[in-house]
Amino acid sequence: MKMADAKQKRNEQLKRWIGSETDQEPPVVKRKKTKVKFDDSAVFLAACSSGDTEEVLRLLERGADINYANVDGFAALHQACIDDNIDMVKFLVENGASINQPDNEGWIPLHAAASCGYLDIAEYLISQGAYVGAVNSEGNTPLDIAEEEAMEELLQNEVNRQGVDIEAARKEEERIMLRDARQWLNSGHINDVRHAKSGGTALHVAAAKGYTEVLKLLIQAGYDVNIKDYDGWTPLHAAAHWGKEEACRILVENLCDMETVNKVGQTAFDVADEDILGYLEELQKKQNMLHSEKKEKKSPLIETTANMDNNQSQKSFKNKDTLIIEQDKNPSNIESLEQEKGDEEEEGKKDESSCSSEEDEEEDSESEAETGNVEKYFGYLFIYFHLILIYCNFCFLFYVCRCHNNMMLRDRWKALSDFNFLDKSYTEWIIFYILPHFTCS
Numbered sequence: 001m002k003m004a005d006a007k008q009k010r011n012e013q014l015k016r017w018i019g020s021e022t023d024q025e026p027p028v029v030k031r032k033k034t035k036v037k038f039d040d041s042a043v044f045l046a047a048c049s050s051g052d053t054e055e056v057l058r059l060l061e062r063g064a065d066i067n068y069a070n071v072d073g074f075a076a077l078h079q080a081c082i083d084d085n086i087d088m089v090k091f092l093v094e095n096g097a098s099i100n101q102p103d104n105e106g107w108i109p110l111h112a113a114a115s116c117g118y119l120d121i122a123e124y125l126i127s128q129g130a131y132v133g134a135v136n137s138e139g140n141t142p143l144d145i146a147e148e149e150a151m152e153e154l155l156q157n158e159v160n161r162q163g164v165d166i167e168a169a170r171k172e173e174e175r176i177m178l179r180d181a182r183q184w185l186n187s188g189h190i191n192d193v194r195h196a197k198s199g200g201t202a203l204h205v206a207a208a209k210g211y212t213e214v215l216k217l218l219i220q221a222g223y224d225v226n227i228k229d230y231d232g233w234t235p236l237h238a239a240a241h242w243g244k245e246e247a248c249r250i251l252v253e254n255l256c257d258m259e260t261v262n263k264v265g266q267t268a269f270d271v272a273d274e275d276i277l278g279y280l281e282e283l284q285k286k287q288n289m290l291h292s293e294k295k296e297k298k299s300p301l302i303e304t305t306a307n308m309d310n311n312q313s314q315k316s317f318k319n320k321d322t323l324i325i326e327q328d329k330n331p332s333n334i335e336s337l338e339q340e341k342g343d344e345e346e347e348g349k350k351d352e353s354s355c356s357s358e359e360d361e362e363e364d365s366e367s368e369a370e371t372g373n374v375e376k377y378f379g380y381l382f383i384y385f386h387l388i389l390i391y392c393n394f395c396f397l398f399y400v401c402r403c404h405n406n407m408m409l410r411d412r413w414k415a416l417s418d419f420n421f422l423d424k425s426y427t428e429w430i431i432f433y434i435l436p437h438f439t440c441s
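When you line the sequence shown up against UniProt numbering, it's residues 1 to 441, in that order.
Calculated from the structure, these hints are not laboratory results.
What you are looking at is a predicted structure, and each value in this text was computed from that prediction instead of being measured.
Certain hints may be false.
[Stated by the list, open to error] Calculated cross-link-like contacts (lysine to any residue; reagent style SDA-like; alpha-carbon spacing at most 25 Å): (1) K228 to Y279; (2) K216 to E153; (3) K197 to E153; (4) K90 to E167; (5) K295 to H241; (6) K263 to E245; (7) K216 to E282; (8) K90 to E153; (9) K285 to E245; (10) K171 to N160; (11) K216 to Q287; (12) K228 to D257; (13) K171 to N136; (14) K294 to D273; (15) K197 to H241; (16) K263 to D192; (17) K294 to E253; (18) K216 to N226; (19) K197 to N186; (20) K297 to D273; (21) K90 to A168; (22) K228 to G73; (23) K216 to N160.
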C-alpha cells in the first residue's frame, strides 16, 4: 500500500511550520530558567500520535479540544489516518471527533486514508458519514487521489450509492464564493471573515485554488491585493505556491507587490512551484514596464502643475511685494500713479484716433483707385465708339464717291481750295480731302 502522497504532504506542512507564527522565539530572552509547559491541545496531539489512549482520555477530561488542529489545520484524526492506527481512529470518532473536518488544504481524513490506501480506515470513515464528494484545494476528491484498485472501487461504489455529482462537487465552493463576491461588489461592502488559525481571506482562497472569476470580482469589490495572512503570505504567495498561472497574472496586472516577503523573509518566487518560476519572471518584467509607463504619464502632469503653482506663487509674491512697497510710500505717489493712468488712457485714445484716421485714408485711396479705373474704362469705350463712327462714315463716303466719280473729280480742287484745315473737324477733313483722293486714284 502506498502512503507517499499523504506523508509527503505532512512533511511539507512540517517544513512550512518552521518559522511560522507558532515557531517564533520570544523577542526578549529571559534570564531566569523557567519550566517549559505545553498547552494541553499540543500535548493532546502528541498523545494521539503516540497512540496513548489513556493519556488522551485524561486530557479530554481536563478540557482538551478533540478537534484541535495545528497551524496547518491538521487534527488528531488526520494524523491517526496517516499512521494507519485504526484503533485511534475509532476512539477519536466515538469521542466526538469531526469526521469531515478539513485542514488548510481542504483534506478531510478520508483523503488521507484514500491516499495511503488504508481500506479498513476508509470503510470505517464512510460508515460513520464521511463525505466522498469532499474536494480539496486542488479540486480533488478522495476518489481522484486513490491509487489502489480496491480503494477506487470502494469509493466509486459509494459515489454511485450516494448519488454524488463529482463535477458539481468540484465547483460547489467556487459557486458559493462567486455568489458572495457578487453580493459584496453590489453592496459595496466586503463581509469577509479571516480563517481563525491561518488568517487567510477569500482572496487567498481564490488565488490558491485558481478561481479567476472570483478573484476578479473580489479585486473589483475593493480587496487589497497585498493583504497578508498571519504568516505574512499574500494572495500572490498562495497562487505561486499552488502553480495557478492565471491567478498570478490577474494579481500582477492589478499591480500587486511581487517583492513582499512573509514572516520568514520569503517572496512569492521563493515559495512558487518550480513549473511557473519562469512565468513569474516574465510577469515581473511586464509589471516593471507598467510601472514605468505610469510614471511617464504622471511625471509631465506633475511637472506642469508644479510649474503652474510656482508661477502663481511667484506672481503672488511679486504682487505682495509691490503692495507693501506702495503702502510704505507717501500719498503723493498714489496721486502720481493715478495721473500716469490718466496719461496712459489719453495716449490710448490718441492711438485709437490715429488708427481710425489711417483706416479712413486707406478707404479713401481705395475708393479713388476704383473711380480712376471706372474713368479709364469709359474713356476707352468713348474712343472705341468714335472709331466705329469714323469707320461707318468712311464706308458710306466711299460708296458715294464711287457712284459720282466724275462729279467729284471736277469739283475736288474747287472744294480743296475752299477747305480750311484749322476751322474744320477731323471728320470733315477726311470727307473733303482724304476720301476723294483715294477714290479718284
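Against the structure, the hints come out as follows:
1. K228 to Y279: Answer holds: K228 to Y279 is near 23 Å, not above 25 Å.
2. K216 to E153: Status violated; Cα separation ~39 Å.
3. K197 to E153: Violated, because 36 Å separates the two Cα atoms, which is more than 25 Å.
4. K90 to E167: violated (31 Å)
5. K295 to H241: Not OK: K295 and H241 at ~31 Å, beyond 25 Å, violated.
6. K263 to E245: Measuring from Cα to Cα gives roughly 24 Å; hence the hint holds.
7. K216 to E282: OK: K216 and E282 at ~21 Å, within 25 Å.
8. K90 to E153: Roughly 23 Å between the alpha carbons, so the hint for K90 and E153 holds.
9. K285 to E245: holds (15 Å)
10. K171 to N160: holds (19 Å)
11. K216 to Q287: holds (18 Å)
12. K228 to D257: The hint holds at about 11 Å.
13. K171 to N136: Cα-Cα ~11 Å, so holds.
14. K294 to D273: Not OK: K294 and D273 at ~30 Å, beyond 25 Å, violated.
15. K197 to H241: holds (19 Å)
16. K263 to D192: Within the cut-off at roughly 23 Å; holds.
17. K294 to E253: holds (13 Å)
18. K216 to N226: holds (14 Å)
19. K197 to N186: Answer violated: K197 to N186 is near 29 Å, above 25 Å.
20. K297 to D273: Since the Cα atoms of K297 and D273 sit roughly 35 Å apart, the hinted pair is violated (cutoff 25 Å).
21. K90 to A168: violated (31 Å)
22. K228 to G73: holds (18 Å)
23. K216 to N160: violated (36 Å)
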